[in-house]
Every structure is written in structure tokens, then in C-alpha cells.
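Residue numbers (our numbering), protein chains in the order written: chain A, 1 to 394; chain B, 1 to 261.
I should point out that these hints are in silico values taken from the structure, not numbers from a laboratory. Treat the hints with care, since some could be wrong.
With a straight-line Cα cutoff of 27 Å, these simulated DSS-like cross-link-like pairs (lysine-lysine) come out [claimed, not checked]: (1) Lys-230/A / Lys-257/B; (2) Lys-61/A / Lys-247/B; (3) Lys-255/B / Lys-10/A; (4) Lys-281/A / Lys-237/B; (5) Lys-230/A / Lys-255/B; (6) Lys-225/B / Lys-257/B; (7) Lys-86/B / Lys-60/A; (8) Lys-359/A / Lys-237/B; (9) Lys-383/A / Lys-247/B; (10) Lys-255/B / Lys-293/A.
Pair ranges (Cβ atoms, derived) [to be verified]: (11) Arg-184/B / Asn-33/A: 36 to 42 Å; (12) Ser-187/B / Val-262/A: 45 to 51 Å; (13) Lys-200/B / Glu-294/A: 52 to 58 Å; (14) Asp-193/A / Lys-196/B: 30 to 36 Å; (15) Leu-259/A / Cys-211/B: 54 to 60 Å; (16) Pro-286/A / Asn-210/B: 53 to 59 Å; (17) Cys-211/B / Asn-32/A: 29 to 35 Å; (18) Ser-140/A / Lys-51/B: 42 to 48 Å; (19) Ser-187/B / Leu-259/A: 33 to 39 Å; (20) Thr-26/A / Gly-135/B: 37 to 43 Å; (21) Ser-187/B / Asp-193/A: 51 to 57 Å; (22) Lys-70/A / Leu-212/B: 17 to 23 Å; (23) Glu-122/A / Asn-210/B: 43 to 49 Å.
None of the values given here were measured: they were computed from a predicted structure. Every residue, glycine too, gets a C-beta built ideally from N, C-alpha and C.
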Amino acid sequence: MEKKNIKVIKEKCTGCSICVDACPFTYIRIINNIAAISDDCRLCGICVSTCPEGAIVISKKETGKVDISKYSGVLVFGEQKDGRIAPVVYELLGKGRELARELNEDLFCVLLGNNLKEQATEMGFYCDKVYLYDSPELTSFRIDPYTSIISNLAKKIKPSIILLGATPMGRSLAPRVAARLKTGLTADCTSLDIDAEGNLVQTRPAFGGNVMARIICPESRPQMATVRYKIMRKAEKSSNPGLIVNRLCEFKIDRVKILESVKMKEGTNIVDADVIVSGGKGLGRPEGFKLIKELADVLGGAVGASRAVVDEGWISHLHQIGLSGRTVRPKLYVACGISGAVQHLAGMKTSDTIVAINKDSNAPIFSLAHYGIVGDLYEVIPKVIEEIRAYGSS
Amino acid sequence: MDVIVCIKQVPATAKIEIDEETGTLIREGIEVEINPFDLYAIEEGIRIKEKYGGKVTLTMGPPQAESSLREAIAMGVDDAILLSDKAFAGSDTLATSYTLSCAIKKLNCDIVICGVKTTDGDTGQVCPELAEHLGISHVCYVTRLEEIKSGRIKVKRELDNICEELEVPLPLLITVTKDINEPRLPSFRRKMYAKKVEIKLWKSEYLQENCLLFGLDGSPTRVIKTFPPPKQENTEKIIGDPLTQAKKLVSRLIKLKVVSI
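Bound-form chain B, shown alone (with noise of 0.2 Å):
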């Protein structure tokens, strides 16, 4: 069973602080983690390796990443890619999703897992863009894998209120939830044997597929601007002991007729 997870790297959200002057990020010290999501993609590649053998491939981007394909490597994944090029610079959804579906197309693959989204960039559409490039069928918020059976996949996913049971041939892309696993602490030994391994690099020269699809030039979308969030300009600060603060409030609720037993 070949598996690949793709992963992100992004800016360990609970850090960022923001200029209030200027409304941009405040980015000294800002630490990198794998996106929070990929974790449990991660986690389950490594469980069906487990269960059914193969291997788990591992595929992403800028040089930076590569101390997180470390990570995933001292967490048990057998091999790592990483895709860098200032060619894939400017990616919007759509390049990056191709970008990746070139480097698949080059491996063996049974099954995709990627995370559900990411926390920065937060719009989960990579991943089924990314089955559609590769031409195969995918499935969102996957919950439980049940079992791979002759070709065969079976899994359940949570829409909304309606949990489902599905069965999909091979090769699937799958994005899974928070509920699917426990992602595992990487092991000591898995640790120092992570610091050495070769992470593969690969470039766009090395996909030899039409460049102009990549980075920028294959990005459709382009942001024009970009401006501090909205803020709340009157607070009124309700102050006193708690009583009158519970007192002030409450009037202000009634007013508004939020309260109306």
C-alpha cells in the first residue's frame, strides 16, 4: 500500500501577534510547526503502513520546510520530498495543487491523505483540486478508515450532522479530521535517525511538465490588496463592583432586547 501525505509548514498560529499600527504580522520569532491538521494525515498514513505494509512518501514546499519533512520522518514515515523551486513561487490554490499532482504522478500511490486544511492559509481546497489533477476520486472529513479489501476502501465521514459510510475504489484521496487518530511523539530512536536522512529535493526542472502552469504564471487568482481587519471603534467599558457591572450589562441587554423572558 503506497501512501503519500502532503504536508504544510506553517507559522505556529497561537505566536502571531499582529502591529496594531499597521496591521501587519509582528515576525520576530515566529516558530514554524507542521500544520496541526497534517499531523493526523500523517498519523494514518503510518497506521496503514502498519497494518498493510507499503511505505509512506511524504511531498511539499519551500527549503525552510525541510525540518518539518524531519519531523514526519522521526514520526515514521519511510521517505521524504521535498518541492522547491522559486518556480512554484506565488502558487495560488490551483498551482499548488498541480505542482503537487506532477511529483505524485511520478510516484507509486494508492492512497492520498492530506489534512483537512491549513491553519494560514485556511481554505482546504488544495486537497480536492489536487485529486481532480490526478484524476482520482476523493473524500472529505474522513473520520475511520474501516478497511482496504481488494482494491477497495472503505471509510466514514462526518458532513455536517450526517455521519456516512463509503466505500471508494483505489487509488482515493482522502482528507482526514481531528477524530481519525492520536497523532504519536516521535521516538528517540526515530529522532536521531530523522537529523540524518536525505530528504529529496526536487525542482521543477525535475517534473518536465509545463512550467507556465506553475507558481504565478499558473495562478489564476491574484490578491490586489491588502488592509487591517475591521475594529470595534466604541467599546463602553461597563465598570463598578460585579453587581453593578451585572447590573449595567443587563439594562444594556434588555434595551437591545436581547432579554425578553
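Next up, chain A with everything else stripped away, as it sits in the complex (with noise of 0.2 Å):
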């Protein structure tokens, strides 16, 4: 039996079973020659893009269509705290400007908060337009007004794309603003692009990070993605200042008070940091971080771990590097002791530089690092150091 949105066209099928490995759960069969997909089917639409053939069709019913045509412009969320626009958004300016260009429309900016005329100035570089909301009610972010005000931006400007920052603010707004304008979101992308149709093509990882999706949102407007900080690369200032939007600032809930704000020490930022030696299992025991810090130390780096000694609080989740931590994208990235869980890739694997430095000479780690050494980290590590000290010195 099969389902109503997914078919397999008998006449197309040549019972290869490619579609049989690709299905991430195992509801495909070759029964008599010819693919069968179980009732169970989650309509992932992994064997339609696998099938050589094309022998397998997902349809979808029409539900009140949306006229992309009186979608245009790409609209980034200007983030900001205390004035201080996240790096992200310039990122998303640089990404931004891209796309704007191959649709041939244009990139806007919208920023929310209080005394912001100089900042929206400067974005007024980066982009065509600034819509400015710039008012004391706005001094701090709070989910219902921001959602309400960038909502109604995109009911009236109408965009056909939306970036965000994949930053808490973000992952917080996004979702949000989607379910309000009733379209599609997707996290975390990794890349973004533009089809032949002139749809935003985004990719990310799936199913925990062991294959990537290339995902769209071909009926529905705005195309909205989030982006992570230090995935794309970050935009050019040009000569011409963009126009800047006055508007004005409009919101009838606004649920959530904040009754106190406190900075917390900054103990670690990763994030940010330009070389980082990380730790996991294979230091053995938690001293073991002793040594990562002092090569951590000499290189002029930050300490990352993996999320197998955070979760045996060998070291603060501050540190936590990987799908359920932060992303980084240092310069230089030295995995010590880490085998490599695809989690933990997610997190690291566009740094500029990796070295792997690990016994087992099979560890995945290996496989996306630039140099490899195999060996125990016990009897390598003190000597790199002694021989940057010594470089040092020299």
C-alpha cells in the first residue's frame, strides 16, 4: 500500500535499491522488483532527490497559494544590544548583498532599539535602505514587540527573503516572526543560494549532522533562514550611504518584563577566539586540561572540549564546541583527544586550519583535519610547546 503525497512510478523504477540505503529509516522494500515505501513513511524526501530514475514523487496538496511575484528585497535583521550591532549582521549584509544582486532587488536592514542614528548610518553603507524603529520603549529586546514590529515590516514591505542571526536573540525572533507570516524557516544554514526559479536555496545539516539538506520554500514568502555567526563571510562598506527609513514605533503586547540585566563575567569566549585547542575523552582524566590550556596559553588561543567531558564536568559547558555548543571558525583548531563525533565536526569544521592530535588512527577527526598526528597527546603536546617556546625565544 501506498501513501497519498508519496508514489513510486512503476513504470520509472528499475528496483536499483539506491532508494532502500538512502532512506534514513527503513521504510523502503524491493518487493517483486519495484520499490515499495511503507505506510509509515515520514515524507523526509530523501529517496525522490536519490532515486537515479526519478521514480519516486512526493506531491503536496495546494494550500492557498501565496503570489511570490509581489515578493522582493532581501531583509536582514539588524541585531543589536546596548548599540553595539552583532558581527553577525554584517555577515548576513555580505550573504545578503549576494542574493539581492542575482535576484536583481534590493537589501534592506531593519534595527530596533533606542538612540540608534548613528548605527543606522553606518548600516546605511552596507545595504539600500535602513528602516529604522528607534525608540526608548525599545532600549531592550523583548520577543513580543520585536516580533510585532518586524511582522508588520514584512507584511508591508514585503520581502522575499528574511536573514537572521542563529544568535539567542534570533533563534528566539525567527521562529516567531515565521509562525506569525505563516512560511517557512530553516536553522542554521550553511550556505544560501538561488535556483533557477529564483528560489533561496538553503543547506544544513541534517538528521544530526550526517548528511546535508538542501532545502527551499518554493510557495510560500518571505524565505526566511537564520545564519550562524562566522559561517559567511562578512560585507564590503561601500562609498553610498543607503537611504535611511524613520518609522514608526507600533506594538500593542508586550508581555514580558524585565525586572533586572546583569552582565556575567566574561570568563570565555570562544567564539571570537582566533586559535583553539580543544580537549575530549582521550586526555583520560580531567588535569588533562592543564596541558591544553598551556598549549592553549602559548598559541594565544581559547580552550574548547568536546560535549563527552563537559557532560563528565571536566570543564564548564562554556567550552562545549559541537551541534549542542558553539560554533567557531578560528584560524588555527587543535583537537586533542577527540575522535571526532559528527556533532562535534558541525561545530569546528570550516576553521581555517585542524590538527588532529590523536592515538587512534582511524578517529573520524582525521579525516577532515589538515595534519594528523598520531600519537599520544601526553608525549607530543609538551614538546610542541617546548618547540614554540623555543621559536619564541629565538
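Mind assembling these two chains? They're in different frames, but the hints should get you there.
Below, the structure is given as C-alpha cells:
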């Protein structure tokens, strides 16, 4: 029995079983030389894209189509806190400009906050138009007013694409706006492109980072995506100032009251570090992080860690790198005693240079490393530290 | 205080392996578990019930997920509902959150608690979208629940390196981080109870909502292609005794201008 939404075109299917291997849920079998899809199918669509014959199709019922031709322009959320523009915004504007150029559309930036005239002028050099909501009522980020303002702006100017940083603020705000606009949202995109039909092609890790997926949002607008910091290239500042449009700050609901806001001690900032030395289970004991710290210090870098050692309590979660920790993109990443679970790799694989030191020559981390050292980290690292010190004093 | 916790059953991630050739998952022997982040949501729900009275209910997806609901009941959840229907297949985050909202609207609810994200989808989108469908406010990354008094709740949350104390009227949705509590282990008595207890099954008909918004039909996003993650092609293996390895590595780092002390 086949599901309504998914169908195997019997005339095209050759029974090659590529789809059987591709299905992440074991829901396809070959019966009488033809692929049969189980009733439990979750319609993830992986088989459709892997079938070499184009024999599997997924069809969707029409649900009140949006006239996508009415939407134009790329809108970037200009996240700021206390007047400081979040660094990811410059990267979104860089990517946004590329997309806008390809679509032959404009690039917009929306700024919300208090006393942001200077920042608006500055952002104007990176886009065509800045929508500025400047009011004491917007001094701090609250979900209700932010959602209203951005959703209403989107309804008014109808951008085809909205990009937000995958920061704590963006992750809270983007889904709320997407649900209000009843449109698609893709989290943590690692690349963004435009296809032949003018759709935004959003690439992100899927199934726990084991595969990459290309995702489109063909029938709704705006197409929304969040992007992590340090994934895209920064925008170039242009010499032409963009237009600044002052808009009235209007919202009806504001349920969250901020009683207190305290800046925590800036203990660890691994995200901005140029060099990161990370330790994993291979350290064998919590004290191993002393050696990791020493190497990080001589390289002028920060200390990172895998989820395994954070879960063991060897080091604070602030150091955790990976899918459930931070994404980093340093110039140099040294993985010590980290086998390289996909979850960890997802958080550091875009680093410029990756060095792996591990006893196990089959550790997956070596498949990603530029330089691999198979050996005992307790023997190798002290020598590396000595060599760097010797170089430093020569 | 009626609490609803939304959980998801996910593959036990540490055990996932990938086929080097095809880039697909090796599925044999994959175990499933409650999304680790959701355990903290369940624990917080149970704590609220213990302190303020009330009931904790649970909602979620596919038939196999029943085992996860039983685990949650063993921890102390009162009632479990399994939202499962072929009509829900192919849901992206918008359709998932819509479906959950239809179910929650059928229940009494003061607080909805969720984990920050799941380890498989890793989007963290479903919960804020759910709050929007429910028309209630939400607070992400809650690290502490201070108190619930006269229809208002006080919570602490962390955004980057800023810690905020917030007050919000109920009903409210929160997503909780791992710092909020230490999830309990089920007692033997609860485990026995959880084995026999009835898990309610809700299908799409029961939700009596616009079925065009469920599953694939209600999902604006579509996966068009999957491919294995890019790999580093030319790894240089640095060989020799530890001193030689160290010397070679440092000379390469100097060339790359990483070491410039």
C-alpha cells in the first residue's frame, strides 16, 4: 500500500535499491523488483532526491497559494545590544548583498532599539535602505514588540527573503515571526544560494549533521533563514550611504517584563578566538585540561572541549564546541584526544587550519584535519609547547 | 498549575554512524531515547507540580515514540498523549508546531515547557513557533524558575553573557537549558506503573482542525537534495617520534603564520 503524498512510478523504477539504502528510516523495500514505501513513511524526501530514475515523487495539496511575484528584496535583521551591532549582521549583509544582486533586488536592514541614529547611518553603507525603529520603548529586546514590528514590516514591504543571525535573540525571534507570517524557516544554514526559479536554496546539516540537506520554500514568502556567526563572509562597506527610513514604533502586546539584567563575567569567549585548542575523552582525566590550557596559552588561544568531557563534568559547558555547543571558525583548531563525532565536527569544520592529535589512527577527526598526528598527546603536546617557546625566544 | 511538556524521541546520537561510501546513516542497532534536552523540561514540569500542585501532561509524535512517553511517566509525569497520524508525516517545524498547538488547545494549560532544541533536528524552532500558534508569550533559554505567584511567573534566562530576570503573565511557554535542574531517575515503583498505564492516542480527526495545515501539506519548506558533508581531501599525516612530530607541526604552523610570538 502506498501513501497518498508519495508515489513510486512503476514504469520508471528499476529496482536498483538505491532508495532502500538512502532512506534514513528503513521504510523502503524492494518487492517484485519495484520499490515499495511503507505506510510509516515520514516524507522526508531523501529517496526522491537520490533516485537516479526520478521514479519517486512527492506531491502536495495546494493550500491557498501566495503570489510570490509580489515579494521582492532581502531583509536583514540588524541585531544590536546596547547600541553594538552583532558581528553576525555584517556577515548577513555580505550574503544578503550577493543574493540581492543575483535576484536583481534591493537589500534592506531593519534596526530596532534606542538612540540608534549613528548605527543606522553606519548600516546604510552596507545596504540600500535601513528601516529604523528608534524608541526608548525598544531599549531592550522583548519578544512581543520585536515580533510585531518585524512581522508588520514584512507584511508591508514584502521582502522575498529575511535573514537573521542564529544568536540566542535570532533563534527566539525568527521562529515567532515565521509562525506569524505562516512561512518556512530554516535554521543554521551553512550556505545560501538562488536556484533557476529564483528560490532561496538553504543548505544545512540534517539528521544530526550526518548528511547535508538543501531546502527550499517554493510556495510561501518571505523565505526565512537563520545563519550562525562565522559561517558567511563579512560585507564590504560601500562608499554610498543608503536611505534611512524612520518608522513609528507601534505594538500592542508586551507581556515580558525585564526585572533585572546582569552582565555575567566574561570568562570564556571561544567564539571569537583565532586559535582554539580542544580536549576530549582521549585526555583520560580532567587534569589533562591543564596541558590543553598550556598549549592554548603559548598559542594565544582559547580552550575548547567536546560534549563527552563536558557531560563528564571535566570542564564547563561554556567551552563546548559542536552541535549542542558553540560553532567556531578560528584560524587554527587543535583537536587533542577528540575522536570527532559528527556533532563535534559540525561545530568546528569550517576552521581555516585543523590539527588533530589522537592515539587512534582511525578516528574520524583525521578525515577533516589538515595535519594529523597519531600519537600519545601527553608525549606530543609538551614537545610542541617546548618547540613554540624555543621559536618564540629565538 | 497545569503543565504541558513537549518531548521528542530521537536516535541516541552518540551511536549514529555514517556509511563512508553513500553518506547515509547506518541504521542497524540504532537505539532511541528521549531528546536529552527534554529530560530537563520533564524534570522542571514535575518540580512545578510538586511545589504548586496540578498535573503534568505530555504530547508528541510517531507510534514508536510510545516507549519514550512511558519513560517520562516513570519519571513522574501524570498523563501522556501520543499525537500520531499518517497525516502528520512530512511535517516541517511550522506544521509540527501547528499540530502541537491544536492538541494543547484541547487541554488546560498554564505553562508549556520544552527543551531548548532536539539533538536530531537541531533547529530549536518548534517551541517559539508553538507559542505563536497558541497566542502566548515565550521565554527561551530559561536557567531558573524563581516563583509562580498570582498568575505571574518569574524566570531567569541567559542570552550570551547576559543574565536576565523576567516576569511574565501565565500562560507562557518556556524552553529550559541544562543548567535548570538535574533530571531524576525513575523509581522502581514508577517504572512498574509506567509499563501498564494507558497512553492516549490522538489522531488528526480528534484535533478537528484544518487538515491542510498538517504534515507535508502544511509544511512550506521542502528538502530537495541530500548529500554527504564535505571532507578534507589532503590530510597530511605527520609521522615520527613525538619530538619529530612536534618540530614538523610547529614549522608548519610558523609557515601558516599562526605562530608569531
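Of the numbered hints stated earlier in the document, which are not met by this structure? As far as the earlier hints go, 2, 3, 6, 11, 12, 14, 15, 18 are violated by this structure, in ascending order.
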